Amino acid sequence: MSALNIIETRRSIKHFDSDHAMPDSTFERILNAAILAPTSFNIQHWRFVRVKNPLLRQKIREAAWDQEQITSASELVIVLGNSKAWSENPERYWKNAPTDVQGMLVPMLQQFYLGREWLQRDEAIRSGAMAAQNIMLAAEEMGYNTSPMIGIDFDQVAELINLPDDHVVVMLLAIGKGIQQAKPRGGQLPLRELLVEDAF
Numbered sequence: 001m002s003a004l005n006i007i008e009t010r011r012s013i014k015h016f017d018s019d020h021a022m023p024d025s026t027f028e029r030i031l032n033a034a035i036l037a038p039t040s041f042n043i044q045h046w047r048f049v050r051v052k053n054p055l056l057r058q059k060i061r062e063a064a065w066d067q068e069q070i071t072s073a074s075e076l077v078i079v080l081g082n083s084k085a086w087s088e089n090p091e092r093y094w095k096n097a098p099t100d101v102q103g104m105l106v107p108m109l110q111q112f113y114l115g116r117e118w119l120q121r122d123e124a125i126r127s128g129a130m131a132a133q134n135i136m137l138a139a140e141e142m143g144y145n146t147s148p149m150i151g152i153d154f155d156q157v158a159e160l161i162n163l164p165d166d167h168v169v170v171m172l173l174a175i176g177k178g179i180q181q182a183k184p185r186g187g188q189l190p191l192r193e194l195l196v197e198d199a200f
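Under UniProt numbering, the first residue of the sequence shown is numbered 1, with each subsequent residue one higher.
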């Protein structure tokens with residue numbers, strides 16, 4: 001199936017086969033696809049929590065409107081963004097680049113983010129969201145279904161996973177073998193209502 005076909009047919013699935021166990025090698029391949037997503041200055045803000053503990057999953061479900069897929073899916077991944085990744089040894093993001101490129105880009109990214117907390121947070125969320133999309137598309141390619149979720153108590157989930165202060169929860173992602181089809185699409189807006197040429 002082509003990438004475009006996957007995009008056109010991927011749907012959020014709410015009911016999963018709770019008996020299916022995803023092989024670790026499959027999970028790792030999906031997550032390796034996630035970290036190939038684009039990101040500003042190659043900072044790679046994304047971080048992931050793989051929730052395996054059933055009791056923790058149940059507590060997260062309680063903090064997430066009792067959404068069934070949190071406990072029934074083979075995998076539950078909490079996609080995070082590290083808002084301070086830009087300042088944490090930024091040389092490593094360009095370790096394979098020529099010295100002169102490193103000398104240009106590292107000071108540039110530091111100047112770009114320094115003192116702009118709103119940008120640091122926004123960029124962490126943007127990067128995490130792009131990684132999450134890669135997870136969803138890779139999972140579909142490998143015969144799995146996904147359900148992205150933001151219907152959660154963010155503070156409660158953060159507390160349950162001991163989230164560092166400089167991290168932000170982007171979304172939850174359930175991954176597994178769906179046992180029910182998604183309901184028909186609620187209604188896509190036509191492109192003509194969404195596309196603006198040149199300026200508003």
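Among the hints, a few may not be true.
If you anchor each label on the Cβ, the simulated ranges turn out as follows [unchecked claim]:
1) K183 x N5: 27 to 35 Å
2) S25 x K183: 30 to 38 Å
3) Q180 x N89: 42 to 50 Å
Using 27 Å as the maximum straight-line C-alpha spacing, the simulated DSS-like pairs for lysine-lysine come out as follows [unchecked claim]:
4) K84 x K95
5) K177 x K95
6) K183 x K14
7) K84 x K14
8) K177 x K52
If you are wondering where the hints come from, they were derived from the structure by calculation, not from laboratory data. None of these values were measured; they are calculated from a predicted model. For each residue, glycine too, the CB sits at the ideal point set by N, CA and C.
Hint check:
1. K183 x N5: 27 to 35 Å: violated, 21 Å
2. S25 x K183: 30 to 38 Å: At roughly 32 Å between Cβ atoms, K183 and S25 fall inside 30 to 38 Å, so the hint holds.
3. Q180 x N89: 42 to 50 Å: For Q180 and N89 the Cβ distance comes to about 46 Å; the hint holds.
4. K84 x K95: Distance ~19 Å between K84 and K95 Cα, so the pair holds.
5. K177 x K95: violated, 39 Å
6. K183 x K14: holds, 10 Å
7. K84 x K14: violated, 33 Å
8. K177 x K52: OK: K177 and K52 at ~17 Å, within 27 Å.
Checked against the numbered hints above, the structure violates hints 1, 5 and 7; every other hint is satisfied.
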